[in-house]
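J.: Work out the full structure: start from the sequences and follow the hints.
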Amino acid sequence: MWQQHLAGREIGLYQGRGGFDPARPSLLLIHGAGGRGEYFLPQLSNLKDINVAALDLPGHHSTPGPGLQRVEDYARWVGEFLAAGPLRPVVLGHSLGGAIVQELALAHPELMRGVILMSTGPRLPVNPALLAGIKENFQPTVEMIVSWAYSRGVDKALLRQGVEQMAQTGPQVLHDDFAACDYFDATERLEKLVLPALIVVGSQDKMTPPALSQAMAQAIPEAELRIIEGGGHMIQLENFREVNQAIAEFMGRF
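At position 43 of the sequence shown (counting the first as 1) the number is 83 in my numbering, and the numbers step up by one without a gap.
There may be inaccurate statements among the hints.
As the list claims (entries may be wrong) - Cut-off 20 Å, straight-line C-alpha distance, at most; resulting in silico cross-link-like pairs (EDC-like, lysine to aspartate or glutamate):
no.	residue 1	residue 2
1	LYS88	ASP222
2	LYS196	GLU183
3	LYS196	GLU78
4	LYS175	GLU112
5	LYS246	GLU269
6	LYS246	ASP222
7	LYS175	GLU150
8	LYS88	GLU78
9	LYS246	ASP195
10	LYS246	GLU183
11	LYS232	GLU183
12	LYS232	GLU262
13	LYS232	GLU150
14	LYS88	ASP61
15	LYS232	GLU112
16	LYS246	GLU289
17	LYS88	GLU282
Quick caveat, the hints were computed from the structure, so don't treat them as lab data.
T.: Shown next as structure tokens:
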């Protein structure tokens, strides 16, 4: 069923195990800055009663570039993907993906049934030194970003994989992703987001601190907030059992 949304385009699309069952609810996953659909492997592998799929955004991994420069542009692209097929899923966005989902939900709520906003916020300010570092000192800056994204006790293999995958995105796309985050601001609009919303954040998230999620939960009329104790920014990988439980409970509404 997800394939109908591709409409002849070359898009990196990852589907959950177990095939598609029209009787189950459907969930589409949108990754963050410099990411890829594979960042959701624990969800693709373990959400057994959901038709789950993840996309590579333009310029990321298996989806040809160029990358895009504004959250609105990415939201339009995801909206075109959804509009090309019959499914109206719940859409989950992580970090930059969460900004994309907010923007799309505000512009075209008819394309989805609900939203899950993970490790994100109504604003995503970025230190100018980080943007400069991506262009001028790429590899060390990538290593720094990845180190911020995980908890202190993370498996070093997961860190190495994170650095390798983010570096493959390249300096221009990664810079533009973070610049898009910095430009994004939905603070004054979130009260107009009328879809059911689950907001999930790690209690130790250094990149999008819990205060940002709390602000979203207060602004969105039909929002539920779940804080994953001890979790960092990449909770979908490090804390996937708790995250998957929260997702499954929310998806049980649909």
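J.: Work down the list of hints and note, for each, if the structure agrees.
T.: Against the structure, the hints:
{"no.": "1", "hint": "LYS88 <-> ASP222", "result": "violated, 36 Å"}
{"no.": "2", "hint": "LYS196 <-> GLU183", "result": "holds, 12 Å"}
{"no.": "3", "hint": "LYS196 <-> GLU78", "result": "holds, 18 Å"}
{"no.": "4", "hint": "LYS175 <-> GLU112", "result": "violated, 23 Å"}
{"no.": "5", "hint": "LYS246 <-> GLU269", "result": "holds, 13 Å"}
{"no.": "6", "hint": "LYS246 <-> ASP222", "result": "holds, 16 Å"}
{"no.": "7", "hint": "LYS175 <-> GLU150", "result": "violated, 38 Å"}
{"no.": "8", "hint": "LYS88 <-> GLU78", "result": "holds, 17 Å"}
{"no.": "9", "hint": "LYS246 <-> ASP195", "result": "holds, 18 Å"}
{"no.": "10", "hint": "LYS246 <-> GLU183", "result": "holds, 15 Å"}
{"no.": "11", "hint": "LYS232 <-> GLU183", "result": "violated, 38 Å"}
{"no.": "12", "hint": "LYS232 <-> GLU262", "result": "holds, 10 Å"}
{"no.": "13", "hint": "LYS232 <-> GLU150", "result": "holds, 14 Å"}
{"no.": "14", "hint": "LYS88 <-> ASP61", "result": "holds, 11 Å"}
{"no.": "15", "hint": "LYS232 <-> GLU112", "result": "holds, 16 Å"}
{"no.": "16", "hint": "LYS246 <-> GLU289", "result": "violated, 26 Å"}
{"no.": "17", "hint": "LYS88 <-> GLU282", "result": "holds, 15 Å"}
When held up to the earlier numbered hints, the structure conflicts with 1, 4, 7, 11, 16 and fits the remainder.
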